[in-house]
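Chemist: Top to bottom, those sequences are chains G and D. Read left to right, the first sequence gives residues 1 to 405 (my numbering). Read left to right, the second sequence gives residues 1 to 405 (my numbering).
Since the hints were made in silico from the structure, they are not lab data. Hints may contain errors.
Said to hold, decoys possible - With a cut-off of at most 25 Å between alpha-carbon atoms, the simulated SDA-like pairs for lysine to any residue come out as follows:
(1) G:Lys402 <-> D:Lys172
(2) D:Lys101 <-> D:Leu10
(3) G:Lys402 <-> D:Arg146
(4) D:Lys101 <-> D:Asp243
(5) G:Lys298 <-> G:Glu318
(6) G:Lys402 <-> D:Glu88
(7) G:Lys402 <-> D:Asp243
(8) D:Lys348 <-> G:Ser19
(9) D:Lys172 <-> D:Arg146
(10) D:Lys177 <-> G:Ser13
Stated by the list, open to error - Chain G stretches covered by chain D per the calculated footprint, using a threshold of three residues with CB under 8 Å from any CB of chain D:
(11) 10-24
(12) 123-137
Glycine included, every Cβ here is placed at the ideal spot set by N, Cα and C.
Listed below are the residues making up each chain.
There are 2 protein chains.
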Amino acid sequence: MPSKSAYLNLLSSLARKSSSRIVLLVLDGVGGLAKDGKTELEAARTPNLDSLARGASCGLSVPVLPGITPGSGPAHLALFGYDPLVFEISRGALEVYGVGKTLSDQQIGARGNFCKIDGDGVVRDRRAGRLRTEENARLCAHLNERIGEVDGVGVEFVPGKEHRFVLILTGKGLSSKLSDTDPHEEMKHYAECTASDPEGEMTARVVNSLMETVLDVLTGEKEATGIILRGFSGRPEIPTLGDLYHLRPAVIATYPMYKGIANIVGMDIIGCESTWGSQVTALEELFGRYDFFYVHYKLTDMAGEDGDFEKKVGLIEEADGAVDRILELKPDVFVVTGDHSTPASMKKHSWHPNPFMIKSIGARIDSADRFTEGECARGCLGVFEAKYGMGLMLAHAGKLDKFGA
Amino acid sequence: MPSKSAYLNLLSSLARKSSSRIVLLVLDGVGGLAKDGKTELEAARTPNLDSLARGASCGLSVPVLPGITPGSGPAHLALFGYDPLVFEISRGALEVYGVGKTLSDQQIGARGNFCKIDGDGVVRDRRAGRLRTEENARLCAHLNERIGEVDGVGVEFVPGKEHRFVLILTGKGLSSKLSDTDPHEEMKHYAECTASDPEGEMTARVVNSLMETVLDVLTGEKEATGIILRGFSGRPEIPTLGDLYHLRPAVIATYPMYKGIANIVGMDIIGCESTWGSQVTALEELFGRYDFFYVHYKLTDMAGEDGDFEKKVGLIEEADGAVDRILELKPDVFVVTGDHSTPASMKKHSWHPNPFMIKSIGARIDSADRFTEGECARGCLGVFEAKYGMGLMLAHAGKLDKFGA
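The whole structure should be built from the sequences, with the hints applied where relevant.
Modeler: Printed below as a string of structure tokens:
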């Protein structure tokens, strides 16, 4: 476990169990940029969020550091209080957890592509013509049925979208210190898996053997004739929110990756339908069972990535529509923020700070009049690194002891 | 000396002596939370502070880090520019300095309780029924008269409140690497003092011998028959403001602990009566003799801890009443701030940022219109960690050279 995060260590040393409840509502990519003088939040009609802002402490949270555009991994680690420069979830692990799987100490995972490999072992098409997702699922089932294990190591193929899948190996003494079999270029032979550390040699042999077995099993297939693997990863080494803060946390999200990240930091995954209303219903139903709820609203980010300003405005309004239901639960601490900004004008994640507000009996009320980028810039929390949000939530929830005499 | 505080090292490397004078007025626990829509500062009539704010740079200072509620030790270290996560004053040292004593290189101190110990050495009551303070003073005088020294090591008992006292040992080769004699539970034998390091063995023998001598001397006493000791501490290892910045600093405070902390960082303790007016008079009288004055106003914190909103408002107004006298001294830099917030509604220290203002010929004037949490949130200094306040004071006082070519 990394120990160089002084803030996290300090929080953890001061944390105490209490009965208070925290709700962290993340509107993915909600921050934006102005079109015709108004950002998406400014253009949206958000009576509930605005009323909340008028009774909350507001500010702007910088996802990582100024100018840094984060992926969803670092952005979410920061939301949960982890320094995203100290803690890292490898892309491999993120993919595994993202398809709804987890890794035990005796498992490693990797990202895979179905591809076209010719009789000489040369990769002709790294994505097998962007395989159809249904064909991917059929091939994974076929491989699972035909292979099952290699040299006593369990093998599981989990289908993803198009040509992508996740490979999970289960067995004693496995190591993820392995090189990719993906040559990362076409018209080259697939790469031999080698161990970067002696402890990985057995696993490398298993992987190389698996590569050949898959070629055999897929002989005669029309669309994909082989696989390439990359980003081998073991279970992420990260302390959980339970370990750190005695929290009993849960995630209410509709997309696998967010459930995955949350699960890695120790949250129980709450099942629910994919509508926003169903998410809030799940929160209502489970409210007594946990003391930290991470509620993730995905759609704002998707509209931002699509570059659809008006759609994003509408989806912000949809999110606003159920905020009063969350308030009625009377959480001791209610935070609304984003993980990063996704301005419709940029069609992608950006580095811009997130509007942030914290509603609690101990929150100083400031002059922010709406939940927008501009009003939050006038808030009493100032501009702060997103990782500090966890400290603010714990403090307002009465879950931190005093530091020093 | 801890060396991992890059900011302190930088400041120190740039610091230069000059004739300018800095006054740091700390209104203890002044920040608060709203009652009927106004915080204590907002409810108070503070013409002097408000006038000052209109001609100053304002901001909010975070005592340690977001969400962290500091004790007085870390909060004051930050006020004086020390990173409170790097530097620490042990509780034992704080108590020693807090009763108005200091520690030399040849002294160690510890916290002690008068207690009831029976004939078998079993601690029956760790606080001797919360001994009366007068009886405590009598017992300390009695022990000092009867003991004086043990094995050539000087022994001094300094009375505190109720059952609490401070023990100071003076001699060559003393070490504070010792275990407590406090068993930390009742109905257990008092603990033997052991050295956690070979260099502490001699001192441990002295302490164990002292424990027995005290039992002998207190034989036949009705209220307290023994002592228990904890938190042995040597002189805190912390560079002084003189060492770091060539300052000649002084403290004008009425409570021992604040004089103690200030003395640890090298300030001369200015004697004065306990009224606010007397403190300002002392500042006026000594103004030519020092170049850094830390003036500590305690009462706002006490009213906050009592949960008395109106009293705190009144005491803020009392503090305001003498601010014009400080201004008439024309300090080159005048800072008014808190060490931490003590909202009357919480009856204790909190994590909320402190209002901060700096008046100086080089200060940028911002739009803050009063010395309140909300107006300071609009100030040009933003929200910053309190340890940076020292850099701002030194800079505005012309006591820092340029960094780099």
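Chemist: Between G:Lys298 and G:Glu318, does the CA-CA distance stay at or below 25 Å?
Modeler: 12 Å, holds
Chemist: Regarding the pair D:Lys177 and G:Ser13, is the alpha-carbon distance no greater than 25 Å?
Modeler: 23 Å, holds
Chemist: Hinted pair, alpha-carbon criterion (25 Å max): D:Lys348, G:Ser19. Please report holds or violated.
Modeler: 20 Å, holds
Chemist: Keeping to a limit of 25 Å between CA atoms, is the pair of G:Lys402 and D:Asp243 held or broken?
Modeler: Answer violated: G:Lys402 to D:Asp243 is near 30 Å, above 25 Å.
Chemist: Under a C-beta cut-off of less than 8 Å, do 3 or more residues of the segment 123-137 of chain G approach chain D closely enough to confirm the stated coverage?
Modeler: With 0 residues closer than 8 Å to chain D, the segment 123-137 of chain G misses the three-residue bar; violated.
Chemist: Given the hint that G:Lys402 pairs with D:Lys172, does the C-alpha gap stay at or below 25 Å?
Modeler: 36 Å, violated
Chemist: If you draw a straight line from the CA of G:Lys402 to the CA of D:Glu88, is it 25 Å or shorter?
Modeler: 14 Å, holds
Chemist: Given the hint that D:Lys101 pairs with D:Asp243, test it: the Cα-Cα distance must not exceed 25 Å.
Modeler: 21 Å, holds
Chemist: With the threshold set at 25 Å, check whether the alpha-carbon distance from D:Lys101 to D:Leu10 stays at or below it.
Modeler: Violated, because 32 Å separates the two Cα atoms, which is more than 25 Å.
Chemist: Decide if the proposed pair is consistent with the structure: G:Lys402 and D:Arg146, CA atoms, cutoff 25 Å inclusive.
Modeler: Between G:Lys402 and D:Arg146 the Cα gap is close to 40 Å, so the pair fails against 25 Å, i.e. violated.
Chemist: Counting residues of the segment 10-24 of chain G that have a beta-carbon nearer than 8 Å to any beta-carbon of chain D, does the count reach 3?
Modeler: With 3 residues close enough to chain D, the hint holds.
Chemist: Checking one constraint from the list: CA of D:Lys172 to CA of D:Arg146, max 25 Å. Satisfied?
Modeler: This hinted pair holds, its Cα atoms lying about 22 Å apart.
When the structure is compared with the earlier hints, violations turn up for hints 1, 2, 3, 7 and 12 and for no others.
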